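Chemist: In order, the protein sequence lines correspond to chains X and F. So for the first sequence, the working numbering puts the first residue at 4; every next one is plus one. So for the second sequence, the working numbering puts the first residue at 35; every next one is plus one.
Hints are computed from structural coordinates only; laboratory data are not their basis. Just so we're clear, the structure is a prediction, and the values are computed from it rather than from any experiment. We put the beta carbon where it would ideally sit given N, CA and C, even for glycine. Treat the hints loosely; a few may be bogus.
Quick partial rundown of chain F residues pointing at chain X, CB under 7 Å, derived from the structure [as the list claims (entries may be wrong)]:
hint, residue
1, 37
2, 38
3, 41
4, 43
5, 51
6, 54
7, 58
8, 61
9, 68
10, 70
11, 197
12, 200
13, 202
14, 298
15, 306
16, 309
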Amino acid sequence: MAAISMRLPVIRKVVGPSVSRDGEKHLVIPGDTITTDTGYMRGHGTYVEDDKLIASVAGVVERVNKLVCVRALKSRYNGEVGDIVVGRITEVQQKRWKVETNSRLDSVLLLSSMNLPGGELRRRSAEDELAMRDYLQEGDLISAEVQSVFSDGALSLHTRSLKYGKLGQGVLVQVSPSLVKRQKTHFHDLPCGASVILGTNGFIWIYPTPEQKDGDTGGFTTNMEPVPLPDREVISRLRNCVMALVTQQLMLFDTSILYCYEASLPHQIKDILQPEVMEEIVLKTRQRLLDLEG
Amino acid sequence: MASVVLSEPEKLYILHGVQEDLRVDGRGCEDYRCAEVETDIISSTSGSARVKLANILVGVKAEMGTPMLEKPDEGYLEFSVDCSAYATPEFECWGGEELGAEIAATLYNVFSSENCVDLKLLCINPKENCWVLYVDVLLLQCGGNLFDAVSLAVKAALFNTRIPKVRVLEDEEGFKEIELSDDPYDCIRLNVDDVPCIVTLNKIGHRHVVDATLQEEACSLASLLVSVTSKGALTSIRKMGKGSLDPENIFEMMETGKRVGKLLHVALQKVLDEEESLGTSREKVGFLG
Numbered sequence: 004m005a006a007i008s009m010r011l012p013v014i015r016k017v018v019g020p021s022v023s024r025d026g027e028k029h030l031v032i033p034g035d036t037i038t039t040d041t042g043y044m045r046g047h048g049t050y051v052e053d054d055k056l057i058a059s060v061a062g063v064v065e066r067v068n069k070l071v072c073v074r075a076l077k078s079r080y081n082g083e084v085g086d087i088v089v090g091r092i093t094e095v096q097q098k099r100w101k102v103e104t105n106s107r108l109d110s111v112l113l114l115s116s117m118n119l120p121g122g123e124l125r126r127r128s129a130e131d132e133l134a135m136r137d138y139l140q141e142g143d144l145i146s147a148e149v150q151s152v153f154s155d156g157a158l159s160l161h162t163r164s165l166k167y168g169k170l171g172q173g174v175l176v177q178v179s180p181s182l183v184k185r186q187k188t189h190f191h192d193l194p195c196g197a198s199v200i201l202g203t204n205g206f207i208w209i210y211p212t213p214e215q216k217d218g219d220t221g222g223f224t225t226n227m228e229p230v231p232l233p234d235r236e237v238i239s240r241l242r243n244c245v246m247a248l249v250t251q252q253l254m255l256f257d258t259s260i261l262y263c264y265e266a267s268l269p270h271q272i273k274d275i276l277q278p279e280v281m282e283e284i285v286l287k288t289r290q291r292l293l294d295l296e297g
Numbered sequence: 035m036a037s038v039v040l041s042e043p044e045k046l047y048i049l050h051g052v053q054e055d056l057r058v059d060g061r062g063c064e065d066y067r068c069a070e071v072e073t074d075i076i077s078s079t080s081g082s083a084r085v086k087l088a089n090i091l092v093g094v095k096a097e098m099g100t101p102m103l104e105k106p107d108e109g110y111l112e113f114s115v116d117c118s119a120y121a122t123p124e125f126e127c128w129g130g131e132e133l134g135a136e137i138a139a140t141l142y143n144v145f146s147s148e149n150c151v152d153l154k155l156l157c158i159n160p161k162e163n164c165w166v167l168y169v170d171v172l173l174l175q176c177g178g179n180l181f182d183a184v185s186l187a188v189k190a191a192l193f194n195t196r197i198p199k200v201r202v203l204e205d206e207e208g209f210k211e212i213e214l215s216d217d218p219y220d221c222i223r224l225n226v227d228d229v230p231c232i233v234t235l236n237k238i239g240h241r242h243v244v245d246a247t248l249q250e251e252a253c254s255l256a257s258l259l260v261s262v263t264s265k266g267a268l269t270s271i272r273k274m275g276k277g278s279l280d281p282e283n284i285f286e287m288m289e290t291g292k293r294v295g296k297l298l299h300v301a302l303q304k305v306l307d308e309e310e311s312l313g314t315s316r317e318k319v320g321f322l323g
């Protein structure tokens, strides 16, 4: 039975982020004067004109001693060494792959930074170069860690651990990088029955929890079996919850996603994306998170 | 057309999901996403509508012109579609021309049936003057399922169109003069009961889905576009895509299209009537909401 819901638009306020905990945030838009005091050093997002420090991006002013910079609220992903990212292969070149990670330049995954099947350690030969497309093709998704940053800002990735590698069946959600909280670990096995990788670049990967945990294969064997229906329902519900949290501008981390999932259980999966239901479950999630903080 | 690149396991996941009637966002195969419709947002047109399924804006301008030679006592509709670069960078410069021409051609096809809009109402002076309705569609976002959203927006805009009442005065020498009525609210409205809506059915695996997202469109090789009136009559049918369709599949998809099309009309008419009844007391959202 088809369900079609059409409605008149209503101006909705974003419910999400709680009132600032550390006092007033100094928000600026491009062209706003931050300060006329010349004693400050200018950092990212600022420029000097007529002895005034002016913001060049829209964001929050951050002051560290004499350094003033503006952290943009919505921008492309700026990688740091050690971040975990989820990326999509866009090109296969000689000895390296180009990976799209929602940053200003495509990231680079060198052939030598990639694990060989079986965990062999040897110098990559010409045959390995010719067989690159067998490992990763255009369109494939990978999880990787940032190894270093080139001088032009492009990231160099590596998949040198068995927990990284090609990703199998699942759902990708693309969000703004500023909404993903930096934590100790970004691989979470949620108790509701699915696993999630929170890429720092804003790519969230939701997938069914693999049965055997021993012997991570590094993604060389992809499971092509159909995912059972109960797992699918959990994954769809998680995906809708992530979309709800993003629309209401709440930070994404394992606890917030889990609370949102639990708050959404009384509703049908497809109803979660309706504006009223979204507001209701995000309000409940925010309340629980505030209670948790104490 | 803007499309996303997907990996093989992702496509497989979507395919298996459709087989089990549970799509990635939890919808069934015949469910539409939540759509928002608003009319009368552009004051400089005779009628306008905005549909937030894939963010489309439609404006209708009624202008005077000469009727076509084959149909001297009828007015006509002219469609033009503009794919703005705001939707996707691929539409920059001439990138969106092909898609725009395709959508416009489909609209001409859909409205080619004689009973859709009462064109005789648009006639002022047979063989000399008639109303020409210029329907301009602006695509602001490519969110999958463009044709459905465009047809919904066109129907809503035609419902909202107000054509000023004119009188033809003939004096003794035979000169005809067209007089516009003084009251700005004195106008004729179009009857949109028979205006068809397009339903796109994408074939994914062995089943078909309605209202596909960009990811689902990347997994489907063939799709069928049917235009259905509110009574369930088909006015046009078109196949798109590189893949092939079985005659049995086509029949099933047509039946689904008719069923879903009728529900679509009911839902849209309900929203339009609700908006009409609220009148000027409704807070217009426009593009700031």
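Chemist: I'd like to know which numbered hints this structure contradicts. Please list them from smallest to largest.
Modeler: 1, 2, 11, 12, 13, 15
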